[in-house]
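Enquirer: Sequence:
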Amino acid sequence: DQVPKPISAYARSKYAGEQQALSLNKKTVVVRTSWLYSEYGSNFMKSMIRLGKEREALGVVYDQIGTPTYAGDLADALLLLLPEFDKLSKPEIFHYSNEGVAGWYDFAVAIHKLAGITCNVKPIRTSEYPLPAPRPMYSVMAKEKIKNSFGITIPHWRESLERCMTKFLQM
16 DQVPKPISAY ARSKYAGEQQ ALSLNKKTVV VRTSWLYSEY GSNFMKSMIR LGKEREALGV
76 VYDQIGTPTY AGDLADALLL LLPEFDKLSK PEIFHYSNEG VAGWYDFAVA IHKLAGITCN
136 VKPIRTSEYP LPAPRPMYSV MAKEKIKNSF GITIPHWRES LERCMTKFLQ M
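Counting with the numbering used here, you get residues 16 to 186 for the letters of the sequence shown.
Treat the hints loosely; a few may be bogus.
Said to hold, decoys possible - Using C-beta positions, here's what the derived DEER-type ranges look like:
1) N135 - S38: 16 to 22 Å
2) Q185 - I80: 26 to 32 Å
3) L146 - Q35: 42 to 48 Å
4) K137 - L93: 33 to 39 Å
5) K20 - N40: 30 to 36 Å
6) P21 - F165: 24 to 30 Å
7) N135 - A36: 28 to 34 Å
8) K182 - L97: 22 to 28 Å
9) K102 - M186: 19 to 25 Å
10) R173 - P21: 26 to 32 Å
11) R70 - K41: 49 to 55 Å
12) T141 - L66: 14 to 20 Å
13) V46 - L66: 42 to 48 Å
Source of the hints: derived by calculation from the structure; they are not laboratory data.
All C-beta atoms, glycine included, are put in the ideal place defined by N, C-alpha and C.
Work out the full structure: start from the sequences and follow the hints.
Expert: Okay, structure coming up:
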């Protein structure tokens, strides 16, 4: 298990909530995820599509590394695993994100390619993009525990982005 190192008030509050939930019920299961996107709601994928259509050029952070996670994959995994979670004898924390690693820049370029957007995406450093709260530079999660505990296979983020984009473009 990875020990969290929250670097913002938001991250500290999430961690505190996890700890409280885990302490209150022996059947509690926390599933952490990262960089969640979908064809629905507001998220990075949809923002990149909108901005790519509105602008000729766009700066996107390249030095924050993580793993995009398709909400559809997370939902499918949770539906499959819920009966298994009920069999656990103690509180547990699992990590679920798609396979692979990317920077926000890599993710944006892949989104634009699949959407047929020709906006010039330029890589920028985190220091060039003001954020209201600090973000971790590396947030790739180890998924061995969830894969080994339940024998699940997790798709690569590029494969999942393609499936999501196909659905989005048909809406």
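Enquirer: In ascending order, which of the hints set out earlier in this document are inconsistent with the structure?
Expert: Per hint list: 1, 3, 5, 7, 9, 13 violated.
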